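Please build the complex by placing chain B on the supplied structure of chain A, with the hints as guidance.
As given, the protein sequences belong to chains A and B, one line each in that order. Just so we're aligned, residue 1 is where the first sequence starts under our numbering, counting upward by one. Just so we're aligned, residue 1001 is where the second sequence starts under our numbering, counting upward by one.
A portion of the hints provided could be inaccurate.
Stated by the list, open to error - Here are the computed distance ranges between Cβ atoms for each label pair:
| hint | chain 1 | residue 1 | chain 2 | residue 2 | range |
| --- | --- | --- | --- | --- | --- |
| 1 | B | Leu1415 | A | Asp302 | 29 to 37 Å |
| 2 | B | Pro1019 | A | Gly43 | 45 to 53 Å |
| 3 | B | Gly1180 | A | Pro31 | 32 to 40 Å |
| 4 | B | Ala1304 | A | Pro198 | 47 to 55 Å |
| 5 | A | Glu86 | B | Leu1018 | 15 to 23 Å |
| 6 | A | Asp411 | B | Ser1017 | 57 to 65 Å |
| 7 | A | Lys403 | B | His1157 | 17 to 25 Å |
| 8 | B | Arg1474 | A | Phe56 | 52 to 60 Å |
| 9 | A | Asp29 | B | Glu1469 | 36 to 44 Å |
Stated by the list, open to error - Under the rule of at most 25 Å between Cα atoms (straight-line distance), these lysine-lysine pairs were calculated in the BS3-like manner:
| hint | chain 1 | residue 1 | chain 2 | residue 2 |
| --- | --- | --- | --- | --- |
| 10 | B | Lys1035 | A | Lys180 |
| 11 | A | Lys289 | B | Lys1035 |
| 12 | A | Lys403 | A | Lys390 |
| 13 | B | Lys1475 | A | Lys351 |
| 14 | B | Lys1039 | A | Lys351 |
| 15 | B | Lys1154 | A | Lys322 |
| 16 | A | Lys289 | B | Lys1471 |
| 17 | A | Lys180 | B | Lys1154 |
If you're looking for bench data, these hints aren't it; they were derived computationally from the structure. Model, not experiment: these values are computed from the prediction. Every residue, glycine too, gets a C-beta built ideally from N, C-alpha and C.
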Amino acid sequence: MAYVPNPPAVIEEMVRSIGMNKVQDLFADIPDAVRMHSDLNLGEGIPEMTLRKQLFALASKNMTVEQMPSFLGAGAYDHYIPAVVEHVLSRSEFYTAYTPYQPEISQGILQAIFEYQTMICRLTEMEVSNASLYDGGSALAEACHVACDVTGRSRIILPDTVHPHYCRVLQTYAMGGQMKIIRTASRDGTAHPDAIMPLLDDDLAAVVIQHPNFFGNLEEHIDIIGEAIHKRKGLLVMVVDPVSLGILKPPGALGADLVVGEGQALGIPLSFGGPYLGFMAAAGAYMRKIPGRLVGLTQDLDGRRAFVLTLQAREQHIRRAKAGSNICSNQALCTLAAAVYLTVIGPQGLKDIATRSHALAVYARKQVEKAGCNPLYDRPFFREFAIRLKDPREANRRLLEQKIIGGYPLDGAMLLAFTEKRTIDEIDRLVATLGGCCHG
Amino acid sequence: MGKMIFEKSVPGARAFSLPVSEVEPEQVFQTIPEKLLRKHLPALPEISEVETIRHFTALSRQAYGVDTGFYPLGSCTMKYNPKINEWAARLPGFTALHPLQHEETVQGALQLMYELDCMLREITGMDRMTLQPAAGAHGELTGAMIIRAYHREKGDHSRNIMLVPDSSHGTNPATANMLGFRVVEIRSNERGLTDIQDLRDHLGPEVAGLMLTNPNTLGLFEEDIVKIADMVHGNGGLLYYDGANANAIIGMARPGDMGFDIVHLNLHKTFATPHGSGGPGSGPVGVKAFLEEFLPVPLVEKNADAFHLNYDRPKSIGRVHTFYGNFGVLVKAYAYLKTLGARGIREVCENAVLNANYVRQHLRDVYDIPYDRPCKHEFVLSARRQKLESGVTALDIAKRIMDFGYHPPTIYFPLIIEEAMMIEPTETETREQLDAFIHSMRMIAEEAKNQPDAVKRAPECTPIRRVDEVKAARKPVLKWDEKPEAIA
Chain A
1 MAYVPNPPAV IEEMVRSIGM NKVQDLFADI PDAVRMHSDL NLGEGIPEMT LRKQLFALAS
61 KNMTVEQMPS FLGAGAYDHY IPAVVEHVLS RSEFYTAYTP YQPEISQGIL QAIFEYQTMI
121 CRLTEMEVSN ASLYDGGSAL AEACHVACDV TGRSRIILPD TVHPHYCRVL QTYAMGGQMK
181 IIRTASRDGT AHPDAIMPLL DDDLAAVVIQ HPNFFGNLEE HIDIIGEAIH KRKGLLVMVV
241 DPVSLGILKP PGALGADLVV GEGQALGIPL SFGGPYLGFM AAAGAYMRKI PGRLVGLTQD
301 LDGRRAFVLT LQAREQHIRR AKAGSNICSN QALCTLAAAV YLTVIGPQGL KDIATRSHAL
361 AVYARKQVEK AGCNPLYDRP FFREFAIRLK DPREANRRLL EQKIIGGYPL DGAMLLAFTE
421 KRTIDEIDRL VATLGGCCHG
Chain B
1001 MGKMIFEKSV PGARAFSLPV SEVEPEQVFQ TIPEKLLRKH LPALPEISEV ETIRHFTALS
1061 RQAYGVDTGF YPLGSCTMKY NPKINEWAAR LPGFTALHPL QHEETVQGAL QLMYELDCML
1121 REITGMDRMT LQPAAGAHGE LTGAMIIRAY HREKGDHSRN IMLVPDSSHG TNPATANMLG
1181 FRVVEIRSNE RGLTDIQDLR DHLGPEVAGL MLTNPNTLGL FEEDIVKIAD MVHGNGGLLY
1241 YDGANANAII GMARPGDMGF DIVHLNLHKT FATPHGSGGP GSGPVGVKAF LEEFLPVPLV
1301 EKNADAFHLN YDRPKSIGRV HTFYGNFGVL VKAYAYLKTL GARGIREVCE NAVLNANYVR
1361 QHLRDVYDIP YDRPCKHEFV LSARRQKLES GVTALDIAKR IMDFGYHPPT IYFPLIIEEA
1421 MMIEPTETET REQLDAFIHS MRMIAEEAKN QPDAVKRAPE CTPIRRVDEV KAARKPVLKW
1481 DEKPEAIA
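Chain A with its partners taken away, still in its complex shape:
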């Protein structure tokens, strides 16, 4: 079954109508030496009925966060997704469409992306948002490229409070040699100015600050660090969690020049790590430097409001070898999810979700301390914090026996995340097992 709609007799007629005897004649230009003379070793295709059974069986081999409460975060979060989001996303006018390069028949998509860009700008209080990048990690790498490009410099200061996977992606992107990554150690779980200040020099392109950081801690000295960066004419690149912006001061008010992050928490399923949503927002000055698609507002010939992909001279299909990034396909459908999600929950809903997640984390922290576990850091946090554990993997094994998905194992610690979906009962069960592990 190949979803080929023409029956064999029609195919034959078509072949004849183009003056050929058989379909194979159309492949005469493929040299015999590289032509396949037998079928691929992939077996027979299976009918839909069988496939459905097989896929269901395969999916059932997994244990999901719907079957067990999960306290895993570390860059992907189990927030509630309203039914409206999935409903809108299942409209095939959206999901079977190509990139809206033809504005006359793509206004709906363009407007949705424009609304998404606006929402990201309002969340971050930045002036420009692009139409998405692949994920949080690649968005950070792209932002650092932009920083090097606009400053004409090469040094990127990268504290180890930034998500280790993001750091790894950034280092991989840097292998061309145009970026020099300088890692700095954290102090007490934060990117401390004392560790960063001495490294600022005249080749500084950017300092990266994640806030809340990888350990869930809030960075309290962004203003001081930002000022010092700007004195050196470098950029402040911030990695933020969009849900936290329901209660935390937006990066635009903290002096950020470029803001990136993972938008998965905005109505996108965990889905084993993707598809997710890399977002990027920037100060207006960098509008013509940021990568990816941008939707702009304009008019049609009759003066009606219209949207169009704009500033395309930045992009690979126009600029080729001189483009700042090679990105083409992005995560458009995920921007639609985020736009619908933010519309459904609204400003108060975002604040409520952020507040509830935080309050549950605060509750859990009190409970684990009561149970005799020590927090790894004694700092303000958002919805994630780490506790000391000699053997976090063993603790997770014991939690799994209790039908609980534990936290993310760190070196001698465990990072625990809390969303509005968690309940007191689930947290108490978590603590009951963890308490035993802290002492054992």
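Only chain B this time, still in chain A's reference frame:
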């Protein structure tokens, strides 16, 4: 257009509420320093559920998908997206998985990735794949990184040139540039293929590799591919396969057998996963055994009966994605390949090529075809005749075809063809659809002769007319403000 979502906002309207709190009090100022707190709520819309649904439903009706109609968009392979694959990707057993769960709890997901890897190896003739890249260009980037890593590992630091044909996709040179390569273009010859002499002239000790699409962007098979591979390899370089056009050869020929060292595939083109209005896609990369050690971490491996993620790969280029790539897209491609089987794959290829040649054959007397011979999955028309005769351009024709209810072809690409219109019907179209499209294209050719102004005015049947792109770019308005202003 209708109103913006922000214009529909009614203060106090809600479509969402949380269950009553079990913890109290919820007062963030007790636990978060005041200077870090947000002073005002973000200005998101406040809208009821019913109005939210109506808003986005209205927007969907101003979108054009494969499910709406014929989409002969060259180089993009806009084939039908089977619905069982959508069902599969939405199974909670796949969507409700955290990427950092213990391996024991995600065996089904790892098995799917492992088996997809194996199927793609067989289809491409490569030895190992990574499923991490999130799009074709991301796959290219990964491939270019592997090329860098390979030469470095050999201690060869002089190879700083990447060759690309003048007909290449923009992503090829842009990718090479991101890795710090200097890009050199190779000419196409009078048959629309890579000019062997020009390639020979440009090969040298500084050349890291050649990025090639086969069939190329003219829809023509690079007949000298074996010779090209020998030349590049003989010079110490690597040969990279841009899989954008893989629909033309799957089941019929394999890049691995042609001598390619690295291959990327676009699951959202060749393997029927939907384009999602521009993404998410997926761009797995396959390599020959001698490059396997450079693939990104982690790779899915099978030990006895269990699947696991192998991070212990010291020569790996690293990660290119925060987790494992666009897993949800992988599920759809997996389901698709299971449905097809070996024979289905061949059928896809045969019918994609047949449909392209059918349309080409029935348009070649009314439009110029610069390289007029049997094509693979797509072909390139030129509107130069129309432009010369009546000033009607490829852009005008593309706009006019929308009035007939079609998505336009890709235009002005490849760059080496004047007034290019690149047509790729794919295998999932009926003869009736193709005939109707051919008829419309012939009518437009007629119009271009007799009433060119009608074509230049087009489109007229779409929700809006042509837009002012100059205005959009000169004074960019990239977000909604109650009084929109351009960013200075």
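Quick rundown of the hints versus the structure:
A beta carbon spacing of about 32 Å between B/Leu1415 and A/Asp302 agrees with the range 29 to 37 Å that was offered as a hint. Between B/Pro1019 and A/Gly43 the CB atoms are about 49 Å apart, so this pair conforms to the stated range of 45 to 53 Å. Between B/Gly1180 and A/Pro31 the C-beta distance comes to about 35 Å, which sits within the given range of 32 to 40 Å. Range check, B/Ala1304 to A/Pro198: about 52 Å between beta-carbon atoms, so the 47 to 55 Å window is met.
Here the CB-CB span from A/Glu86 to B/Leu1018 is close to 19 Å, well matched to the stated 15 to 23 Å. The hinted window of 57 to 65 Å between A/Asp411 and B/Ser1017 is violated, with their beta carbons roughly 40 Å apart. Between A/Lys403 and B/His1157 the CB atoms are about 54 Å apart, so this pair departs from the stated range of 17 to 25 Å. Range check, B/Arg1474 to A/Phe56: about 54 Å between beta-carbon atoms, so the 52 to 60 Å window is met.
Take A/Asp29 and B/Glu1469: their Cβ atoms lie about 39 Å apart, and the range 36 to 44 Å holds. Distance hint between B/Lys1035 and A/Lys180 is unfulfilled; the C-alpha atoms sit about 33 Å from each other, more than 25 Å. This hinted pair does not check out: A/Lys289 and B/Lys1035 have alpha carbons roughly 31 Å apart, beyond 25 Å. Straight-line distance between C-alpha atoms of A/Lys403 and A/Lys390 comes to about 21 Å, which keeps the hinted pair within the 25 Å bound.
As the CA atoms of B/Lys1475 and A/Lys351 are separated by approximately 34 Å, the hinted pair breaks the 25 Å bound. With a C-alpha separation of about 12 Å, the suggested pairing of B/Lys1039 with A/Lys351 holds against the 25 Å cut-off. With a C-alpha separation of about 28 Å, the suggested pairing of B/Lys1154 with A/Lys322 is violated against the 25 Å cut-off. A C-alpha spacing of about 19 Å is found between A/Lys289 and B/Lys1471, which places the hinted pair at or below 25 Å, so the restraint holds.
Between A/Lys180 and B/Lys1154 the alpha-carbon distance is near 22 Å, which keeps this suggested pair within the 25 Å criterion.
Comparing the model with each numbered hint stated earlier shows that hints 6, 7, 10, 11, 13, 15 do not hold.
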